[in-house]
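*Asks:* The primary structure of each chain is shown beneath.
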Amino acid sequence: MPHVRTVLVMRSDVLWRPGGLEAVLRRWNKRGEVRSCLAADHVAPARSARTAALGPEAAAFARRVLAARGIEEPYSHQTLAYSLANAGKDVVVATPTASGKSMAYVLPLVERLGADPQARALLLFPTKALARDQEESIRRSLADAGVAAGTITYDGDTPGAVRRTSREQARVILTNPDMLHSGILPHHAAWARLFAGLCLVVIDELHVYRGVFGSHLANVLRRLDRVTAFHGSRPTYVLTSATIANPAEHASRLLGRPVEPVTESGAAHGPRRFFLYDPPVVNAELGLRASCLKSAVRLVVDLVREDVATILFVSSRREVELGLRYLRSRLAKHVSKDVVAGYRGGYLPSERREIEKGLREGRIRAVVSTSALELGIDVGELDACVCAGYPGTISGLWQRSGRAGRRLGPSVTVLVASSAPVDRWLARNPEFLLGAPVEEARIDPDNLEILVPHLKCAAFELAFAPGDRYGSMTAADTAEALGYLEGHGVVHASGGRFHWIADAYPATHVSLRSVGWDNVVVIEKNEETDEQTLLGEIDFHGAHTMLHEQAIYQHDARTFEVVRLDLPNKKAFVRAVAPDYYTTAMTATKVLALRVSEEGSAGGGRAAWGDVRVTDKVTGYKKLKFETHENVGYGDVHLPDREMLTTALWIEIDAAEAEAMKVARATLADGLRGLSQALHTVACLERMCDPRDLGTALEDGGAETGPERLRLYVYDAYPGGIGLSAPLFASRGRTLDRAAGLVRSCTCEAGCPGCVGPVDVPSVPSRKEIALQLLGRLRAS
Amino acid sequence: MMLASLRERLGRLAPPPIATRSLRSSLRERARLAAEHNLCDLPGSVVDTPDGRLFVRRREYPRSHRHGMTSVDSALRATGAAVAALALDPTLRGFDPARALFLDTETTGLAGGTGTLPFLLGAAWFEDGAVVSEQAFLREPCDEPVALCNLARRIASATHLVTFNGKSFDWPLLRTRFVLARLPPPAPRPHLDLLHAARRVYKRRLRDCRLTALESEVLGFVREGDVPGSMIPALYLDFLASGVAEPLAGVFEHNAHDLVAMVALLGDLHAAWSRETDRPADDLFAMAQVALRAHDPASAEAFLHAAGDHPEALRLRAHLCRPADPAGARTLLERAAPLDATGAASLDLAKLLEHRLRDPAAARLHAREAARAGAEDPEAAARREARLSARIGRRVPPSVL
Chain A
2 MPHVRTVLVM RSDVLWRPGG LEAVLRRWNK RGEVRSCLAA DHVAPARSAR TAALGPEAAA
62 FARRVLAARG IEEPYSHQTL AYSLANAGKD VVVATPTASG KSMAYVLPLV ERLGADPQAR
122 ALLLFPTKAL ARDQEESIRR SLADAGVAAG TITYDGDTPG AVRRTSREQA RVILTNPDML
182 HSGILPHHAA WARLFAGLCL VVIDELHVYR GVFGSHLANV LRRLDRVTAF HGSRPTYVLT
242 SATIANPAEH ASRLLGRPVE PVTESGAAHG PRRFFLYDPP VVNAELGLRA SCLKSAVRLV
302 VDLVREDVAT ILFVSSRREV ELGLRYLRSR LAKHVSKDVV AGYRGGYLPS ERREIEKGLR
362 EGRIRAVVST SALELGIDVG ELDACVCAGY PGTISGLWQR SGRAGRRLGP SVTVLVASSA
422 PVDRWLARNP EFLLGAPVEE ARIDPDNLEI LVPHLKCAAF ELAFAPGDRY GSMTAADTAE
482 ALGYLEGHGV VHASGGRFHW IADAYPATHV SLRSVGWDNV VVIEKNEETD EQTLLGEIDF
542 HGAHTMLHEQ AIYQHDARTF EVVRLDLPNK KAFVRAVAPD YYTTAMTATK VLALRVSEEG
602 SAGGGRAAWG DVRVTDKVTG YKKLKFETHE NVGYGDVHLP DREMLTTALW IEIDAAEAEA
662 MKVARATLAD GLRGLSQALH TVACLERMCD PRDLGTALED GGAETGPERL RLYVYDAYPG
722 GIGLSAPLFA SRGRTLDRAA GLVRSCTCEA GCPGCVGPVD VPSVPSRKEI ALQLLGRLRA
782 S
Chain B
39 MMLASLRERL GRLAPPPIAT RSLRSSLRER ARLAAEHNLC DLPGSVVDTP DGRLFVRRRE
99 YPRSHRHGMT SVDSALRATG AAVAALALDP TLRGFDPARA LFLDTETTGL AGGTGTLPFL
159 LGAAWFEDGA VVSEQAFLRE PCDEPVALCN LARRIASATH LVTFNGKSFD WPLLRTRFVL
219 ARLPPPAPRP HLDLLHAARR VYKRRLRDCR LTALESEVLG FVREGDVPGS MIPALYLDFL
279 ASGVAEPLAG VFEHNAHDLV AMVALLGDLH AAWSRETDRP ADDLFAMAQV ALRAHDPASA
339 EAFLHAAGDH PEALRLRAHL CRPADPAGAR TLLERAAPLD ATGAASLDLA KLLEHRLRDP
399 AAARLHAREA ARAGAEDPEA AARREARLSA RIGRRVPPSV L
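Order-wise, the sequence lines are chains A and B. All the letters of the first sequence, read from the start, carry residue numbers 2 to 782 under this note's numbering. All the letters of the second sequence, read from the start, carry residue numbers 39 to 439 under this note's numbering.
Heads up, some of the hints might be wrong.
As the list claims (entries may be wrong) - Covered stretches of chain B (in silico footprint by chain A; criterion: 3 or more residues with CB under 8 Å from a CB of chain A, positions within the stretch not fixed):
no.: 1; region: 146 to 152
no.: 2; region: 176 to 185
no.: 3; region: 202 to 216
no.: 4; region: 275 to 284
To be verified - Which chain A residues face chain B? A few, computed with CB under 10 Å, are given here:
no.: 5; residue: Leu186
no.: 6; residue: Ala190
no.: 7; residue: Pro392
no.: 8; residue: Ala494
no.: 9; residue: Tyr506
no.: 10; residue: Phe574
no.: 11; residue: Ala577
I should point out that these hints are in silico values taken from the structure, not numbers from a laboratory. None of the values given here were measured: they were computed from a predicted structure. The beta-carbon is built from N, C-alpha and C at its ideal position, and this holds for glycine as well.
Could you build the full structure based on these sequences and the hints that come with them?
*Replies:* So, in structure tokens, the structure goes:
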């Protein structure tokens, strides 16, 4: 049955009955200007639901939760996860977005807590917002099940009085890895009741914990294992993940033991259509295409006018505001402004709750969002998803696409290609999207730069007894590592045990994330009344580009000018204005080598690793006119540079190579850039890290090298470095070999996202060819 | 992970100052032996307890011992009623100083959390009118279980605990240590935290209510050559690394001073509460506030009366007698107004005259006085002025606004 709505919209004094998705598709198909832009059209057939009854072992609690939601039989993956978890097996549920993953942990949760009044559960979410989102729904499930168990979100915002109650009374604690690491484990004696009764640990959104962040979490979980063992519990873990290539392997590396995978979704879905929309060429001479965002907005307007509930994903918070503004103005004649909402980090939690509710109840028919809505926030069923620009990964694209899709009716996802090289390439090779495997999640919990700080925290939490092991280390290795800490005077061996003995709280020196997550609050100050209103919050990193003085800050399609940015106190004061332009900050990244730790050759070039300073500078801002996006002015930004001291591997070649290869210097630099992309891909594989954990930069004739050389940096994207550069230097021969293998075996002609990066206009010789030649020189002995 | 490679990789991470494991263990052994030998530099000796051997220093302070101007036995007069009121904690009504345990620990860190080790556990109690202190010292971290068991016995034989900031620091820390040592935590006792009681009484006079500040300002005792609290963790860590014990003697002294100071402070607080000695009006006013919070209006009235011409005390008295005796309240406020530079007394008086005594003309006079002193924001003052003028039946001259 197609979804039928009875909303009637007034249009030109004629009653107009919206025709739903089918009508939109018919129109797109009829209208040449849309049809000609569709670079791919793929249909995934509908699938009916596969359900499975809970086994006879299930007690009344889980059944009551199902009954309260009118579910007769859960989906097969939910039942499988439930029975594995109930049998005490650690399980990872990796099924598509909106397949009901949370039910997979809610059922065992109510069952365990209902059966044993002392039992407790710990739920980890990657962000504070997600934990707060789930709190209500978990409370409701416990109430439906008739289980009396206090549920509390414990994070940096939890008031002092509630903290005490959490420790002593709450049976379900929702928190994030950072809080577990720095606020709970170091005080585990105060949480003795939680740890003694802990029977279930839930790790939601497992796919987020990749690379360095995931390696940190793995070590936090090693500490959690020690603490729960001390208090006499051995909890079962239920992990949920969006689709990744290796959920079981990833979960097992994270927990340090085998984990049962549940990957076959039993959820039903209607037929799903996927389009790639390449905006039309508007200036053939310059090869300019229509704006990606505005093209996307146009498609969304078509959808909303036919009353199709739609989500528009954009790549930045600024684009959320622009998209929202354009959508509202183009839909003003047809629907009221409240029917369209923006959603992004920076909106107040209450605003976000209201938008989620509006989406679930169908009051809001279109939402413009950043990746914030990729995570498992419940917004009900939507019919269409439009992505303005490729999100960067296949798994990210399918996660977004999964936001649209009903159990019965059809749904559609449209990827609108942007002008970025990767999007241009995808527009020409759309089959890549349908054929490519989703990405793997990788971690390396034994990276000593990560392991040792957590070993300190572990020693702080509980003295190490003779024969104790930490993580995957043998007892002898653990003793060796503790001896190393003793040499640094932070632990003391006494009576065969290693005691923490320094006047320090080691968890405060370990941050699980590369960037702090202290927010800058945005305050509107009314100049006449001096009245202050809290508008929203922006993370510290974003504050530099969105909240510099004179920036136009947009919130819910309203515009404000930043009057003052008080970074030390994390406040930005804004006033309401109505300009015809918005601003966008210009940034530049520069890397400077400070100290060489080791150097050597790389074929005909030179390689080294050592300490570097990576400087991110906001150099100024541009004023861009709304709608036309034309540049109407510039301004200066006076903000301290964001500097990061870290470590890097660098490879240097002579500019004279250009002559030898008979190409222009710019072509050589472009080839080196291509080489850096291949090197980055291979380096992430070798170091088991996430692409975001390593940065690359090219210095062409920089101050250190002089004009006659080019230098390519691959740096650890973490303050202080995180131990990725030194091993990359040591294995540079192999890494360069693998990079060459990657490029050579790639079937593309001139370059693609899989090897040296996409090229829009192929040159002769191609970027791929130059990169291969350079690799040849760097590998020659 | 290969052992050799792990060592090598660790060494590359940040080479420890003492590189090899064998050197470390021989240094550790040497420090341990040295420590054993050097313990004679510390006051105290190794004794046998039911749970094992423990380094303990025991000391007795005769009942006549004075800490500054306060004799320790004055604490014995502290009554349950006074203590319960000062602590705003009815569970302390049964407080008996003769059966209380005074507790203070020195630790390896002030940050809290499970990795903080109390290495000197000081306790004191009354025995036949004299104060006995016992300081248990961890020669090594592995002495801790014996010291905890010993302390548990002391706590078991006491009915109440007395600490200074122990509610947030020492007691949670000790509980944690019992949990970590897998020992049953001692049953909680009604707990008098002198920090809170002393702060209530002395906060108006002393900005700083740390124990040493109270000691010098209130008890009249000035420590000489005291080890600053912030240095204590490092001294113990140095001892563990080197075995040199002598610098720790100062920590024993510091801890002993803290214990005796707590006993004396209890005596002083009781003397203040029972008004055995003359006290500054600020303290008396502060105690009146405590008495009111403890639902003891009679004591509050007595403290306020004793505070004499203290403007805030007069205002509070007026506030208390206003329902029954507005005229008496007026007299008190008229006494307070010229003494009170903040204008608050004038404002109180204006309100009393306007609402209770129905004398808008007099009220306006005092309201203007209050406005001059800036007792309330100008807008509120203007509204008051306008209202009073309307009642008097005359327009307000604009100059007043």
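*Asks:* Look at each hint and say if it fits the structure.
*Replies:* Hint check:
1. 146 to 152: As far as the region 146 to 152 of chain B goes, the hint holds, because 7 residues have Cβ atoms under 8 Å from chain A.
2. 176 to 185: holds (count 3)
3. 202 to 216: holds (count 3)
4. 275 to 284: holds (count 3)
5. Leu186: Interface hint status for leucine 186(A): holds (9 Å vs cutoff 10 Å).
6. Ala190: 4 Å, holds
7. Pro392: Constraint on proline 392(A) not satisfied, violated at 36 Å.
8. Ala494: Since chain B brings a Cβ to about 6 Å from alanine 494(A), closer than 10 Å, the hint holds.
9. Tyr506: 4 Å, holds
10. Phe574: Interface hint status for phenylalanine 574(A): violated (23 Å vs cutoff 10 Å).
11. Ala577: 26 Å, violated
The structure is inconsistent with the numbered hints 7, 10, 11, although it conforms to all the rest.
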